[in-house]
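J.: In order, the protein sequences belong to chains A and B. Take the first sequence: its position 61, counting from 1, is numbered 75 in the working numbering, and each next residue is one higher. Take the second sequence: its position 197, counting from 1, is numbered 211 in the working numbering, and each next residue is one higher.
No wet-lab data here; the hints were simulated from the structure. There could be a bad hint or two in this list.
Pairs count within a copy or across copies, as identical chains cannot be separated in the list.
To be verified - Cross-link-like lysine-lysine pairs, in silico, DSS-like; alpha carbons within 27 angstroms at most:
1) K291 with K231
2) K194 with K274
3) K224 with K194
4) K40 with K105
5) K282 with K231
6) K278 with K94
7) K105 with K290
8) K271 with K22
9) K231 with K94
10) K59 with K168
There are 2 protein chains.
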Amino acid sequence: MRKFIFKKISIVGVGLIGGSIGLAVKKSKLAGEITGLTSCKTTLKRAVRSKAIDKGTLDLGECVKDSDLVILAVPVTEMKNIITLISPHLKKGCIVTDIASTKQEVVKIAEQILPKEIFFVGTHPMAGSEKRGVDFATANLFKDSVLIVTPTTKTNKKCLNKVNRFWCELGARVVSLSPKKHDEVIASVSHLPHAIAVSLMNAVTVSELKFAAGGFKDVTRIAESSEIIWRGIFASNSKEIVKKINIFIEELNEFKKALKNTCKAKIKLKLTQASKKRSQIEN
Amino acid sequence: MRKFIFKKISIVGVGLIGGSIGLAVKKSKLAGEITGLTSCKTTLKRAVRSKAIDKGTLDLGECVKDSDLVILAVPVTEMKNIITLISPHLKKGCIVTDIASTKQEVVKIAEQILPKEIFFVGTHPMAGSEKRGVDFATANLFKDSVLIVTPTTKTNKKCLNKVNRFWCELGARVVSLSPKKHDEVIASVSHLPHAIAVSLMNAVTVSELKFAAGGFKDVTRIAESSEIIWRGIFASNSKEIVKKINIFIEELNEFKKALKNTCKAKIKLKLTQASKKRSQIEN
């Protein structure tokens, strides 16, 4: 029998990501026991029924009690409150990690609030979907995905390695970035595309929508994501996202200018560059 | 045995769309014979091997000779040249149709060039992919898709009905729009998203790209489409696309302003509106 990395894991927020972590941990037999918390009885029942967690509770203290690893899988906006509330219930030596899509704010809060004998490691799994809730959770969500870990000078090396190993076992490729660098990069490849998808949806009229085909659907798919989660992300990384929106608008204006001037060479160049670059990433 | 709608069909340009039409026609047994033309021997061999066409030729006159329906599935930029070249070889009473993504320019050219005894009907199948070539052609490409037919005052009603029936048999839902209205609507739901995907690809750096996950991939997928096809589309509908880019930039600027001012209510509203609207279209 394989040795568990963690005896007890707690997942605070058993939604799409939290639930998928639970399923993946069970599949890989990485923990002896998983306790999960959701915000209401109905979702808790679904979380237990999905077998993403062994035990479910609506009580935060009960959930994290005796845990070796506590995974915070709640919207960014709730992180401060949750960290404050779990703090007195954590076991000495426990590792706390989060999966939030912005890192500077969350890592700062966690390092300020959590007591010295609790070890915080910030992470961001680059996997997900526009779908919400544990019903869409899957054990393979993190296979071949990128997991960004965001250590600081305060991060305990041993605990960092343990968290890295945990994610590797779930199939992710672990990459380390500072919280600041993370927020810059992710503003480009995740937050900006989201702002674009949302704005495109809001820019077209309902009567035009019935002519939407594959291309439009692809570009706007993420606009259907959870408003609650994305509200928090946008608020906590707004400065960086504004910068990236400006860069994008500049680029789109250049394209527009080429169209206006019927500058065929420029249009060709823009299309060729984009196509070549896009072909470098896998679908 | 079912009665063919057309005895002989010619497909000028057996790529993804042309090839898919061939395969779908055969599956539905809508024609007695399909002749196809491509631009070189290698692609012609592939077209014949894929069984999208019965016979292949590199000679335009040979291809369209004795045809009851000629389908022009070439880039917009080549339409004028092709229509001029096939014109003297067409059988009296033959229907010519095209599948170009912009309609005002092509319909005008076709109605100007083609002789009186040839009947032109412009169409635009709202189906496709970022993939190119007959190797990606599939008989089911048009199933449950929208086919826009763009008749004018010059369009022969009987021939229009025949083309409508043809596309219905291939599984498409036929919607009729004027060429002008078509170009306005499609600028919103197809050309604008393409300009956005291309500009997003060009706005991000290569080093950021390794952190691209599902969302980014979805938004930029169409940026990998054929440069040749899209160059023509952008050139032939530039005015309308410029208008739509302006509307989009205005919307994105509103979103940016809400981020800058940390206007949570506005961000929430934008996200909720987009999500609700997006949920109205099928994936």
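J.: Could you run down the list of hints and mark each one as holding or not?
T.: Hint by hint, here is what the structure shows:
no.: 1; hint: K291 with K231; verdict: both (21 angstroms within a copy, 12 angstroms between copies)
no.: 2; hint: K194 with K274; verdict: between (38 angstroms within a copy, 19 angstroms between copies)
no.: 3; hint: K224 with K194; verdict: between (42 angstroms within a copy, 17 angstroms between copies)
no.: 4; hint: K40 with K105; verdict: within (22 angstroms within a copy, 69 angstroms between copies)
no.: 5; hint: K282 with K231; verdict: both (25 angstroms within a copy, 22 angstroms between copies)
no.: 6; hint: K278 with K94; verdict: between (52 angstroms within a copy, 18 angstroms between copies)
no.: 7; hint: K105 with K290; verdict: neither (51 angstroms within a copy, 43 angstroms between copies)
no.: 8; hint: K271 with K22; verdict: neither (58 angstroms within a copy, 45 angstroms between copies)
no.: 9; hint: K231 with K94; verdict: neither (35 angstroms within a copy, 31 angstroms between copies)
no.: 10; hint: K59 with K168; verdict: neither (38 angstroms within a copy, 64 angstroms between copies)
When the structure is compared with the earlier hints, violations turn up for hints 7, 8, 9 and 10 and for no others.
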